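The task is simple: from the sequences and hints, build the whole structure.
Sequence order for the protein chains is A and B.
Using our numbering, the letters of the first sequence correspond one by one to residues 1 to 433.
Using our numbering, the letters of the second sequence correspond one by one to residues 1 to 433.
Be careful, since some hints might not be right.
In silico DSS-like cross-links for lysine-lysine, where the CA-CA straight-line distance does not exceed 25 Å [what the hints assert, rightly or not]:
#	chain 1	residue 1	chain 2	residue 2
1	B	27	A	392
2	A	141	A	275
3	B	141	B	275
4	B	8	A	150
5	B	392	A	27
6	A	141	B	150
7	A	118	B	392
8	A	108	A	64
9	B	181	A	392
10	A	17	B	150
11	A	21	B	392
12	B	392	B	326
13	B	64	A	392
14	B	17	B	79
15	A	21	B	150
16	B	6	B	21
17	B	108	A	392
18	B	181	A	215
19	B	109	A	392
20	B	51	B	17
21	B	74	A	150
22	A	181	B	298
23	A	150	B	6
24	A	64	A	81
25	B	27	A	150
26	A	58	A	17
27	B	213	A	181
28	B	392	A	109
Quick look at which bits of chain B chain A covers, simulated, 3 or more residues with Cβ under 8 Å [stated by the list, open to error]:
#	segment
29	35-49
30	411-418
If you're looking for bench data, these hints aren't it; they were derived computationally from the structure.
Bear in mind the structure is a predicted one, so any value in this text is a computation, not a measurement.
Every residue, glycine too, gets a C-beta built ideally from N, C-alpha and C.
2 protein chains.
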Amino acid sequence: MYEWIKIKDISEHEGEKITLKGWLYNKRSSGKIHFLQVRDGTGFIQCVMVKSNDNGNKFEEVDKLRQESTVIVKGSVRKDKRAPSGYEVEVEDVDILFNPSEPYPISKKSHGVDFLMKHRHLWLRSRRQFHIMRIRNEVIKAIRDYLYDKGFLLIDSPILTGSIGESTSTLFQLDYFDLGKAYLSQTGQLYLEAAALAYGNVFCFGPTFRAEKSKTRRHLTEFWMIEAEMVFCDSECNMRFQEELISYVIQRIMERNTADLEALGRDTTVLENTKVPFYRISYDEAITLLQKKSFDIKWGDDIGGDEETAISIEFDKPVMVYNYPKKAKAFYMQPHPEREDVVLCDDMLAPEGYGEIIGGSQRIDDFDTLLKSIRDNGLSEDAYQWYLDLRKWGSVIHSGFGLGIERTTAWICGLEHIREAIPFARTIYRIYP
Amino acid sequence: MYEWIKIKDISEHEGEKITLKGWLYNKRSSGKIHFLQVRDGTGFIQCVMVKSNDNGNKFEEVDKLRQESTVIVKGSVRKDKRAPSGYEVEVEDVDILFNPSEPYPISKKSHGVDFLMKHRHLWLRSRRQFHIMRIRNEVIKAIRDYLYDKGFLLIDSPILTGSIGESTSTLFQLDYFDLGKAYLSQTGQLYLEAAALAYGNVFCFGPTFRAEKSKTRRHLTEFWMIEAEMVFCDSECNMRFQEELISYVIQRIMERNTADLEALGRDTTVLENTKVPFYRISYDEAITLLQKKSFDIKWGDDIGGDEETAISIEFDKPVMVYNYPKKAKAFYMQPHPEREDVVLCDDMLAPEGYGEIIGGSQRIDDFDTLLKSIRDNGLSEDAYQWYLDLRKWGSVIHSGFGLGIERTTAWICGLEHIREAIPFARTIYRIYP
Numbered sequence: 001m002y003e004w005i006k007i008k009d010i011s012e013h014e015g016e017k018i019t020l021k022g023w024l025y026n027k028r029s030s031g032k033i034h035f036l037q038v039r040d041g042t043g044f045i046q047c048v049m050v051k052s053n054d055n056g057n058k059f060e061e062v063d064k065l066r067q068e069s070t071v072i073v074k075g076s077v078r079k080d081k082r083a084p085s086g087y088e089v090e091v092e093d094v095d096i097l098f099n100p101s102e103p104y105p106i107s108k109k110s111h112g113v114d115f116l117m118k119h120r121h122l123w124l125r126s127r128r129q130f131h132i133m134r135i136r137n138e139v140i141k142a143i144r145d146y147l148y149d150k151g152f153l154l155i156d157s158p159i160l161t162g163s164i165g166e167s168t169s170t171l172f173q174l175d176y177f178d179l180g181k182a183y184l185s186q187t188g189q190l191y192l193e194a195a196a197l198a199y200g201n202v203f204c205f206g207p208t209f210r211a212e213k214s215k216t217r218r219h220l221t222e223f224w225m226i227e228a229e230m231v232f233c234d235s236e237c238n239m240r241f242q243e244e245l246i247s248y249v250i251q252r253i254m255e256r257n258t259a260d261l262e263a264l265g266r267d268t269t270v271l272e273n274t275k276v277p278f279y280r281i282s283y284d285e286a287i288t289l290l291q292k293k294s295f296d297i298k299w300g301d302d303i304g305g306d307e308e309t310a311i312s313i314e315f316d317k318p319v320m321v322y323n324y325p326k327k328a329k330a331f332y333m334q335p336h337p338e339r340e341d342v343v344l345c346d347d348m349l350a351p352e353g354y355g356e357i358i359g360g361s362q363r364i365d366d367f368d369t370l371l372k373s374i375r376d377n378g379l380s381e382d383a384y385q386w387y388l389d390l391r392k393w394g395s396v397i398h399s400g401f402g403l404g405i406e407r408t409t410a411w412i413c414g415l416e417h418i419r420e421a422i423p424f425a426r427t428i429y430r431i432y433p
Numbered sequence: 001m002y003e004w005i006k007i008k009d010i011s012e013h014e015g016e017k018i019t020l021k022g023w024l025y026n027k028r029s030s031g032k033i034h035f036l037q038v039r040d041g042t043g044f045i046q047c048v049m050v051k052s053n054d055n056g057n058k059f060e061e062v063d064k065l066r067q068e069s070t071v072i073v074k075g076s077v078r079k080d081k082r083a084p085s086g087y088e089v090e091v092e093d094v095d096i097l098f099n100p101s102e103p104y105p106i107s108k109k110s111h112g113v114d115f116l117m118k119h120r121h122l123w124l125r126s127r128r129q130f131h132i133m134r135i136r137n138e139v140i141k142a143i144r145d146y147l148y149d150k151g152f153l154l155i156d157s158p159i160l161t162g163s164i165g166e167s168t169s170t171l172f173q174l175d176y177f178d179l180g181k182a183y184l185s186q187t188g189q190l191y192l193e194a195a196a197l198a199y200g201n202v203f204c205f206g207p208t209f210r211a212e213k214s215k216t217r218r219h220l221t222e223f224w225m226i227e228a229e230m231v232f233c234d235s236e237c238n239m240r241f242q243e244e245l246i247s248y249v250i251q252r253i254m255e256r257n258t259a260d261l262e263a264l265g266r267d268t269t270v271l272e273n274t275k276v277p278f279y280r281i282s283y284d285e286a287i288t289l290l291q292k293k294s295f296d297i298k299w300g301d302d303i304g305g306d307e308e309t310a311i312s313i314e315f316d317k318p319v320m321v322y323n324y325p326k327k328a329k330a331f332y333m334q335p336h337p338e339r340e341d342v343v344l345c346d347d348m349l350a351p352e353g354y355g356e357i358i359g360g361s362q363r364i365d366d367f368d369t370l371l372k373s374i375r376d377n378g379l380s381e382d383a384y385q386w387y388l389d390l391r392k393w394g395s396v397i398h399s400g401f402g403l404g405i406e407r408t409t410a411w412i413c414g415l416e417h418i419r420e421a422i423p424f425a426r427t428i429y430r431i432y433p
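In structure tokens:
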């Protein structure tokens with residue numbers, strides 16, 4: 001009797017007397033009935049308190065409860081077709097553990113983004129954020145499950161590093177004891193390559209940092225990335241793997257997070273369609289497409305955010321743009337065997353205008369080619385000595401990719417801005433809370 | 001015929017003709033037979049190449065292979081009781097993809113630690129490191145599975161932060177655009193508390209930083225921590241949860257990583273014994289114990305690494321030391337209801353001298369008590385405004401803990417130094433590779 005259950009499991013307790021522990025999310029009252037929206041972190045449910053059934057004589061006290069009161073509700077579960085979850089609780093007693101002395105700052109009226117971000121620690125309690133965080137959780141879980149199932153080993157790459165993976169201009173730096181400057185990692189890839197030559201197929205999952213002064217809806221200064229690295233795997237093998245992974249993740253979210261997607265009002269037509277094979281166009285083709293669309297872009301330029309949007313809205317599932325010009329990409333990418341100015345790589349663009357969610361490439365496996373590329377890019381040979389070593393012993397064709405968790409989550413949820421896809425966003429204007 | 005298989009699956013292919021893709025780990029030769037130790041990242045296996053069975057006429061070429069050559073071996077799997085894995089491969093052909101032009105720097109003769117750490121990118125390929133990384137991988141996987149199974153939601157806490165969780169003296173700091181200084185997170189706990197009040201039971205898993213000038217075998221400047229936070233859960237509930245989690249992890253490693261533990265020469269008596277309930281002693285009792293052992297320690301002092309060792313060797317499974325003096329612990333811990341100078345917390349010490357692997361506590365849930373503690377500790381009220389808000393709306397009893405992945409892995413593997421328990425260790429003297 002009155003067993004403590006979680007709201008997510010309510011359907012298993014129809015007709016039973018149960019206890020809920022949680023918070024008052026909303027309240028409507030008539031003279032003789034309170035309609036209490038209660039949340040417990042696993043869901044939301046309507047609890048109906050009828051004055052004449054109130055065993056604990058709490059009806060008046062409950063009337064005074066503010067939003068985000070902490071309560072223990074005892075009552076019976078009954079089916080109700082009109083309720084969003086299909087159930088409601090007929091309240092018999094309420095224990096009031098805490099009633100705020102001030103009104104809750106987030107009301108139902110619409111707030112500005114800045115206000116909400118400043119109150120992110122509270123905003124997370126809102127229904128919309130609840131559904132987004134559940135999808136984020138499942139995206140990460142799905143990717144891990146997929147990789148583990150394929151025999152990948154988790155190898156956490158370091159965050160503090162002297163070896164720089166991407167652009168040198170966008171690094172956070174700090175003083176590291178007597179060893180000079182250290183940088184916050186922009187990618188775990190170089191370390192993953194070392195691990196791949198040791199353990200075959202490996203992945204890492206961690207925070208990644210870009211000190212970019214970007215203010216777009218796609219940029220965070222701190223974001224989470226899953227990176228994978230595979231040996232005896234060329235660019236084609238790499239692209240096939242990425243397709244299959246994304247296809248798996250999307251179909252799993254469709255299966256397991258149906259209610260979350262629905263609550264977010266997500267039109268899932270394109271998600272349903274996201275099955276292998278995806279579209280593929282070469283960089284050359286992408287440039288032609290963009291020029292047709294009157295973009296001021298020429299062969300050799302990088303493809304920016306607006307251009308990605310323009311490409312991706314042409315497709316009804318993800319499209320992979322492959323084989324970019326060498327000068328537009330990072331130093332470690334394998335040159336095309338027949339075109340010296342092109343590298344074997346791919347960016348996967350999510351449809352519906354979302355743009356890049358994955359960047360991948362085959363890595364240079366020849367010592368001399370890599371050394372030349374390090375020199376051509378003006379990087380320090382000393383700092384990359386260990387990375388060069390990987391081409392001295394056990395060198396092999398290998399490829400990998402990095403998948404941005406927030407961009408992927410934002411696309412799946414249909415969010416306008418990436419900041420809602422991470423619990424506590426960091427942007428150039430925000431490091432609080 | 002000659003299907004590409006992984007060494008870990010070799011037992012499923014007895015009598016079959018298979019392909020292995022990997023690296024030459026070791027080689028012995030008589031005039032007519034090569035004994036090749038091959039590794040493919042999932043395991044090690046002996047491949048026997050008899051000159052007269054050599055279909056590809058590679059016998060002479062194979063003779064010239066250096067360690068860490070990249071090879072594709074074709075042959076038949078046969079049972080062999082003498083082989084460590086129980087199987088070996090009778091070689092029919094070898095494709096040589098890469099033969100190093102220099103001898104491999106890590107030889108069988110013993111190397112100094114500094115040399116090995118400098119060559120960590122290669123050292124990872126050694127058999128001992130292979131087994132350690134597999135156990136680390138499984139420790140993390142086991143913890144995640146356990147938490148997911150209990151309905152916890154993953155909420156990644158930010159790394160760049162203005163709010164400081166632990167000691168202010170051991171922070172890495174950096175310039176954050178126009179917002180002044182940012183710090184590298186020492187704990188995700190404060191953010192997890194916000195998430196717990198939103199989603200019930202939550203966890204995070206990420207890198208954590210301490211700019212400590214510690215040179216002990218237990219300290220890294222960058223380490224990985226799983227933190228969990230639970231609502232409607234007091235200190236007792238918290239301790240019980242920690243016991244059950246560790247018990248689960250250890251028993252699962254015993255089951256799934258038997259071969260790894262054996263290869264590391266780990267005596268598993270104590271691990272076998274690590275089942276609920278663990279031992280518990282109060283801080284008061286711990287001080288008495290230490291004084292009996294002639295430690296120069298008095299009530300009120302923190303318990304350091306040497307003291308932890310001295311306590312933990314008294315027990316044949318983990319021991320939890322609970323309720324420390326307030327002044328020895330962090331500002332957010334809930335005071336004991338009957339003793340104002342003591343807080344509701346616990347440190348779990350691994351046996352066999354390993355010391356602390358978990359630190360946990362019940363958190364202050366009263367606004368005024370927390371505000372006073374923030375002031376008493378000289379912390380900025382402004383920076384903690386959002387953290388104080390959690391006691392203004394929806395406040396509730398809640399508790400949580402942080403578990404150090406490297407310390408736990410070091411204990412399970414029986415390592416002397418924590419640096420082997422992480423792929424790329426960061427210490428005060430090391431940020432390379």
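Hints and how they fare:
no.	hint	in the structure
1	B:27 with A:392	holds (19 Å)
2	A:141 with A:275	holds (19 Å)
3	B:141 with B:275	holds (19 Å)
4	B:8 with A:150	holds (13 Å)
5	B:392 with A:27	holds (19 Å)
6	A:141 with B:150	holds (14 Å)
7	A:118 with B:392	holds (16 Å)
8	A:108 with A:64	holds (19 Å)
9	B:181 with A:392	violated (41 Å)
10	A:17 with B:150	holds (22 Å)
11	A:21 with B:392	holds (18 Å)
12	B:392 with B:326	holds (23 Å)
13	B:64 with A:392	holds (16 Å)
14	B:17 with B:79	holds (13 Å)
15	A:21 with B:150	holds (16 Å)
16	B:6 with B:21	holds (8 Å)
17	B:108 with A:392	holds (19 Å)
18	B:181 with A:215	holds (20 Å)
19	B:109 with A:392	holds (21 Å)
20	B:51 with B:17	holds (18 Å)
21	B:74 with A:150	holds (23 Å)
22	A:181 with B:298	violated (41 Å)
23	A:150 with B:6	holds (11 Å)
24	A:64 with A:81	violated (29 Å)
25	B:27 with A:150	violated (30 Å)
26	A:58 with A:17	holds (18 Å)
27	B:213 with A:181	holds (16 Å)
28	B:392 with A:109	holds (21 Å)
29	35-49	holds (count 3)
30	411-418	violated (count 0)
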